[in-house]
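Each chain is listed here by its residues.
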Amino acid sequence: MGALAELAGDEKNGEGSRTFVFLNEGHTLGNALKTIIARYPEVDFCGYTIPHPTEQKLHFRIQSRRDRAVDLLKRGLEDLEALCDHTMEVFGKEMNNFNAANSRSVQENT
Amino acid sequence: MSSTKRKEPLLYMEEHRVKEDPQDYGLADDVFNMEVFKKKLQVAIIRNDEDGLEFDMIGVYPAIANAFRRLMLSEVPSMAIEKVYIYNNTSIIQDEVLAHRMGLLPLKADPRLFAYRTEESSEAGTEQDTLEYELKVKCTRRKDASKDQSNFDDIYKNHKVYSGHLKWLPKGKQAQIYSESMVNCIHEDILIAQLRPGHELDLRLVAVKGLGKDHAKFSPVATAYYRLLPQIKLNREVTGKDAYLLQSCFSPGVIGIDENECAYVKDARYDSCSRNVYRYPQLEDSVTLGRVRDHYIFTVESVGSLKPDVIFLEAVKVLKKKCRAFIDEIEAE
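Here the protein sequences line up with chains A and B, keeping their order. The opening residue of the first sequence carries number 5 in my numbering; numbering runs sequentially from there. The opening residue of the second sequence carries number 6 in my numbering; numbering runs sequentially from there.
Rather than coming from a laboratory, the hints here were simulated on the basis of the structure. We put the beta carbon where it would ideally sit given N, CA and C, even for glycine. Please note: incorrect hints may appear among the correct ones.
If you want a taste of the chain B side facing chain A, the calculated C-beta under 10 Å gives, among others [what the hints assert, rightly or not]: (1) Tyr30; (2) Asp34; (3) Val48; (4) Phe60; (5) Met62; (6) Val65; (7) Asp153; (8) Val259; (9) Ile262; (10) Phe317; (11) Cys328; (12) Ile335; (13) Ala337; (14) Glu338.
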């Protein structure tokens with residue numbers, strides 16, 4: 005059972021315009037992904053909505069005249085994934101530095 | 006903190022509005038590029054003690070910072086009591102209220118060592134996804150108590166039920182893997198109920214792994230929030246009585262006063278940004294209040310089972326996993 009679907013109604017508009025439906029997702033993923041995809045120069049429009057607060061569904065709209073919407077969505081997800089990797093790496097490195105500096109100062113005090 | 010001084014994008018806090026910097030185009034025509042993001046992102050750990058973790062995240066979009074905050078609150082798993090079997094409850098606290106109180110007890114068990122219960126799971130659960138406890142307390146009168154004593158501690162035995170009374174019942178091989186100190190309540194002195202002689206509690210409790218979006222008891226953090234770094238600039242000299250008035254307009258430690266009774270900005274970081282200065286006409290023009298638009302100060306206070314830095318990393322991992330799952334689904338089509 006897939007968690008990603010497409011909304012009907014865009015068949016005549018080519019591959020550039022699509023509304024994707026994410027199951028069991030909300031503002032956390034929707035807004036983060038929107039800020040990234042909306043900032044691609046190829047994208048004319050990108051937005052998301054949660055049509056009903058009690059339905060765990062996220063409607064995610066992408067419009068582009070140059071690229072396929074699916075490819076843009078995939079690129080956005082890949083960028084967000086890379087962003088997470090980089091954040092974890094930077095945070096982990098800073099945390100290690102902080103812990104190392106702390107244990108050194110504790111040793112100096114004793 | 007940062008070796009290279011960057012131009013900090015500011016938002017100005019005026020008396021009745023928040024004004025954007027006229028030179029700052031904000032995020033309006035920013036193009037997303039991974040390499041630029043990598044260059045801009047900075048993290049600095051400020052404090053990590055029993056009060057929680059404080060760190061700065063500089064150069065991120067608001068939506069990204071907010072996603073991390075939301076993930077820490079509601080999508081990082083933890084263990085909590087989900088089912089309470091009440092065999093006997095003759096105390097004055099009602100069954101459902103008691104059950105709710107038990108659910109909110111923070112457990113020390115590391116959620117990463119457990120699996121979620123699935124729909125196919127049996128009621129009893131397995132050693133991989135369930136922790137069981139029992140609470141058996143009976144209140145009695147102390148026989149040695151004399152009639153003129155008025156302290157309940159001297160007259161009654163077990164008249165206060167604490168979270169320390171909880172007894173872990175290992176399932177299967179759990180006794181070999183975990184010790185009592187790894188799975189019991191984080192605090193032993195949480196008052197659950199008060200009893201009187203003849204009152205009795207006999208409960209069996211079942212703890213499972215869950216998410217904060219299902220119920221707040223599963224949230225691994227007490228609070229997780231961010232705020233923007235405040236910036237205060239003095240436009241002119243403020244001396245004498247006005248200097249002390251200015252000092253009183255800000256949080257303690259923000260404004261200092263030197264030996265010439267002249268005010269200066271000591272440390273704007275911990276200002277509450279109350280804008281109290283604008284109440285005084287003689288001070289109104291003396292300061293410019295601002296906040297750095299992309300400098301997020303995160304504060305994460307853990308409930309106790311996971312360390313705050315681990316909670317943050319788990320939150321980022323959750324977002325990564327979400328992305329991966331959808332990429333895989335697109336590729337499979």
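Which constraints among the numbered hints does this structure fail? Numbers only, ascending. Numbers 1, 7, 8, 9, in rising order.
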